[in-house]
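Got chain A; can you put chain B on it based on the hints?
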Amino acid sequence: MKANRSFWRGLLAMPANVWHSIFRHPLPHSDLGRAQTSFTNFFLHIHPVKVNRHTIKPWYTMGLGLISFFLFVLLVVSGILLMFYYVPSTTQAYDRMLDLRGSVAFGTFLRNMHRWGAHAMVAAVFLHMCRVFFTGSYKKPREFNWVIGIGLFLLTLFSSFTGYLLPWDQLAFWAITVGAAIAGYAPFIGADVQFLLLGDTTVGQEALLRFYVLHIAVLPLVLTLLVSVHFWRIRKDGGLSRPPEADGLPEAKPDTVVEWPTELDVAPVAQAAAAPVAVATVAPVAAPAIEKKRYGIQGLVRGPFTKVGNVPENTVFSWPSLFMAELFVFVLTVAGILVVSLLFNAPLEEPVNVMHPPNPAKAPWYFLGLQEMVSYSAFWGGVGIPTVEVLLLLLVPYLDRNPEGVGHWFSRKRLLANTLFLIFVIVNIVLIIIGTFFRGPNWEFVSPW
Amino acid sequence: MRWALAIASFVILIVHGWVFYDQFFHKWERHQNAYFDQARAMAKTDAERTALAGRSPRIEQIIVTAFGEKGGENRVDRCTTCHIGIDDPRFKDHAEPLKSHPFSEALGDRMINGKWERRHKFSDFGCTLCHDGQGRGLDTFYGHGEDHYWPDPLLGYVTQNWRADFKPKLKNKEYMQANCAQCHTEENFKSTPLVAKGRQLFYEKNCYGCHKIEGLSTGTLGPALSEAGKKFKLDYLWESVVEPRANSATSFMPKFNLTDDEVKALVTFLKSRRGINFSETSLDRYRATLDKPKEGGVELTSTTPATTPKAEAAAAGTTVALGEKLVKDHSCLACHKLGAVDGGVAPDLSFEGLLKDDNWLLGHFRDPRALVSDSIMPAFGLPEGDYQAMTTYLSSLKTPPALGAPAEIFKNNCARCHGDMGNGKGMIAVYLDPYPRDLTKAGFMNSKTEDRLVASIREGVLGTSMPGWGKVLNDEQIKGVLNYIQTSFVKDPRRPLKARQVPETNPVASSKESITRGEQIFLQRCTGCHGKKGDGKGPNSLDILPRPRNLRNGEFMNSLSDRRLFESILYGVQGTAMPPWVDYGLTQKEVGDLVNYLRSFRQGKK
Chain A
1 MKANRSFWRG
11 LLAMPANVWH
21 SIFRHPLPHS
31 DLGRAQTSFT
41 NFFLHIHPVK
51 VNRHTIKPWY
61 TMGLGLISFF
71 LFVLLVVSGI
81 LLMFYYVPST
91 TQAYDRMLDL
101 RGSVAFGTFL
111 RNMHRWGAHA
121 MVAAVFLHMC
131 RVFFTGSYKK
141 PREFNWVIGI
151 GLFLLTLFSS
161 FTGYLLPWDQ
171 LAFWAITVGA
181 AIAGYAPFIG
191 ADVQFLLLGD
201 TTVGQEALLR
211 FYVLHIAVLP
221 LVLTLLVSVH
231 FWRIRKDGGL
241 SRPPEADGLP
251 EAKPDTVVEW
261 PTELDVAPVA
271 QAAAAPVAVA
281 TVAPVAAPAI
291 EKKRYGIQGL
301 VRGPFTKVGN
311 VPENTVFSWP
321 SLFMAELFVF
331 VLTVAGILVV
341 SLLFNAPLEE
351 PVNVMHPPNP
361 AKAPWYFLGL
371 QEMVSYSAFW
381 GGVGIPTVEV
391 LLLLLVPYLD
401 RNPEGVGHWF
411 SRKRLLANTL
421 FLIFVIVNIV
431 LIIIGTFFRG
441 PNWEFVSPW
Chain B
1001 MRWALAIASF
1011 VILIVHGWVF
1021 YDQFFHKWER
1031 HQNAYFDQAR
1041 AMAKTDAERT
1051 ALAGRSPRIE
1061 QIIVTAFGEK
1071 GGENRVDRCT
1081 TCHIGIDDPR
1091 FKDHAEPLKS
1101 HPFSEALGDR
1111 MINGKWERRH
1121 KFSDFGCTLC
1131 HDGQGRGLDT
1141 FYGHGEDHYW
1151 PDPLLGYVTQ
1161 NWRADFKPKL
1171 KNKEYMQANC
1181 AQCHTEENFK
1191 STPLVAKGRQ
1201 LFYEKNCYGC
1211 HKIEGLSTGT
1221 LGPALSEAGK
1231 KFKLDYLWES
1241 VVEPRANSAT
1251 SFMPKFNLTD
1261 DEVKALVTFL
1271 KSRRGINFSE
1281 TSLDRYRATL
1291 DKPKEGGVEL
1301 TSTTPATTPK
1311 AEAAAAGTTV
1321 ALGEKLVKDH
1331 SCLACHKLGA
1341 VDGGVAPDLS
1351 FEGLLKDDNW
1361 LLGHFRDPRA
1371 LVSDSIMPAF
1381 GLPEGDYQAM
1391 TTYLSSLKTP
1401 PALGAPAEIF
1411 KNNCARCHGD
1421 MGNGKGMIAV
1431 YLDPYPRDLT
1441 KAGFMNSKTE
1451 DRLVASIREG
1461 VLGTSMPGWG
1471 KVLNDEQIKG
1481 VLNYIQTSFV
1491 KDPRRPLKAR
1501 QVPETNPVAS
1511 SKESITRGEQ
1521 IFLQRCTGCH
1531 GKKGDGKGPN
1541 SLDILPRPRN
1551 LRNGEFMNSL
1561 SDRRLFESIL
1571 YGVQGTAMPP
1581 WVDYGLTQKE
1591 VGDLVNYLRS
1601 FRQGKK
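Chains as they are written, first to last, in this note's numbering: chain A, 1 to 449; chain B, 1001 to 1606.
If we strip away everything but chain A, and leave its shape as in the complex, we get (with noise of 0.2 Å):
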């Protein structure tokens, strides 16, 4: 009768206990729930506990990398959706664009969104790039971090300029012809590159196929493998930049070395978690002071990062604030990339037709810049300048060693380094707008009015 009537009382709580099951602690209440939310949480705990005030802040960065990272998993999702309708065959491709236009249930709109996600993508990966420049964030100890970054701005490049065949219309079939004609006019190995691309000397079966490998195995797995990098650096090196004074010190002493505890315990994980807490008042001064606590794991791990004993005074839990503000910027972005979507349709024009060139063929707008100055010198504007740019970003936190003006837009410390990346930004946003819009037939100039 016991067992029964428990087996009832179990039966009753299953739906609570399911549910528990699943969220292991309710909606926090206090710190201790803020931070154990965070810690046990599998997507959330990428994210530290707690987070500087000044990396919240909307108007700093303007959440881009964010923008960039729900853009890319935008893209994924819609991308796996269209590859269920999509065959990679010349003869096929284009009839499966007017089916998705035409047949498949929302396919207009998937298409739209992986368009409209796409473009947003590199535009907004580069403005991010512009933010972390133009905020002094690449220096010590980030540089790798700008580097990785850099490499993830030529993958999204590349996965949108693979993706911008796939349709297999004469606006990606002469887009591509384009582009690889630009991947052509390197020195010595141009020809080579173009055919290991294309696979055969035109673009064709050969080359449709190998845009699609890369474009849905490839590069999003080398893209999500660096994005993790990416990630994971951000907290090993400290969390986002900021000024020396939003860590709370009276002055700029980033490598100030605190006496560290000598004996350690390895504590319970949820101890460990809690710690910050109980010290968050603590002056880091004071740290000889807490000798006797009890420590996680992460105390052993050297580094300017969040820890114990150096405990940042300005801090907030990233319950809820982080999380608040992360959801907003991915309900911006998906709310963007949706009323685009309804409002525009991505564009589908002629079958391919190799002996129909449009007047001008132009290269996807990225690449126009390129083009513009590819018509000026085929090595120069194709090759010779994009590598040395990409070099240059490359290279910029180990040229630029000046530690002074992290954390504020466009730092007065930093003028000339600011000064040169602006005018690098804006020659190629000229050189892409004069592309895209002043270039008519035969590449002459024209007015767009």
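Calculated directly from the structure, the hints in this document are not laboratory data.
Please note that the accuracy of each hint is not assured.
[Said to hold, decoys possible] Here's a subset of chain B near chain A, in silico, CB distances under 10 Å, partners left out:
hint, residue
1, S1009
2, F1091
3, D1147
4, K1231
[Unchecked claim] In silico DMTMM-like cross-links for lysine to aspartate or glutamate, where the CA-CA straight-line distance does not exceed 25 Å:
hint, chain 1, residue 1, chain 2, residue 2
5, B, K1230, A, D99
6, B, K1589, B, E1567
7, B, K1171, A, E350
Even glycine gets a Cβ: it sits at the ideal position worked out from N, Cα and C.
Positioned in the frame of chain A, the structure of chain B alone reads:
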């Protein structure tokens, strides 16, 4: 921030609602429901009613396997999703899209026992095979091909964003004959009169002389049109016929001044040219190219039967009248000038009988390039009788033009090629090769003896478009014109010419060794301008005016004396890029080898 979050979330919700609504409430569903409702009302038997009861809106499609796109693939036509009553005769008076497809004898439909039976069953042929449009589209905009990117809008119904002045002319279901001709390739198939008329015009208007259509013509001057119907939409074809330069600024296709009906027929014919069609195999195609005569275009007796009886009648004596008619019918005057009609591309024929003789005319008709190497006039491959009639007609044109003062003579007769300013840029100059001489170049004009200039005018220059004016102008008048040129264009006074040490005839006897030596010299010294082949198309030729001489122009080269060749090579041609080679160390003997080499070009030919 919470407000912004709420608003953004709301936007997401709204967009989702919108998209879902769009997705699940299609226009075609409404059409189908309307069809079901009305069909139910019309149903007379229970069987009909139960059949209808089981139907609910869905995407309908016809997969056409026999007449695929792109040579072999299935054609997918989803048109019947909206046009669901297409094969239901009860809906013959309904409005689109439910209206049933009309029956017509012209389409081969037959009335059997009071019921129509279709010749072209939709299940076999689908819709886009005849109508064009985009079979996969499920709304009017895409399905009918209104999207201007779609290459095949509904033929004769949808005009996209075409030029307003053509639009109304291109809306006519007769254009669909172009698609009938994909299968019904017989020349005079009775249901495709427009295609047949267009084909006839293609020959009558001499289109075939310049344009190649596989199996029909071999012209090379203009773009090939074998796949014109596949590549171009109606508006482009119409525009290209009516305004040749609208789509290609460098086109020298003349305006043919056709009537709208003629253009319509031509456009329909061209639209029917889509490369390989359903009724022939590639093997047929290949055989047709093998059977074709190599030169002189196609055998016209079969394609324009109308000309043969005429040619026979020619023997009966009305040759001149017939020739005149032929010249007119064949659109010769689309390029040439004759009396008041001027095509603006080719020389004046108004008094051709005074400029050329019968032999020249006949030979030139048969193969223009045999007499003027770089002429753009096509060999039209007409029946020999036609040529003779046209020759007779042209040589009967012996009324000399009104002559007057030298200035007037020049203006009326020379300026067409040499230009009003004498600078060689006359109205038709760009179509002539070699270009007409620039008479303002004193260097050239004053380095030639007056006798030679007079001779050029009187006898003409063989192998070029310069005719001999001897029968139009007397020596007095020729000298008058020359004098006019000298004072108005050359301007520099003539100076006495230096006597030069030049042999009258080539002192080096022509031999294999001499020719080989000449070739070596030619390859070392001359190819930069005259080209490896000696055809005047060397790498530098484009930067040079006047252009380097085509040394393979047999008529011209044969008319030159050895003396003149020696003089031109040794002492150069003043006013042109030809330098005096004596200054660069060429000896008379070497020039002799060169001349032997140049003369050897001709030996290979007839």
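key: Structure versus earlier hints, numbers of those that do not hold, lowest first   = 2
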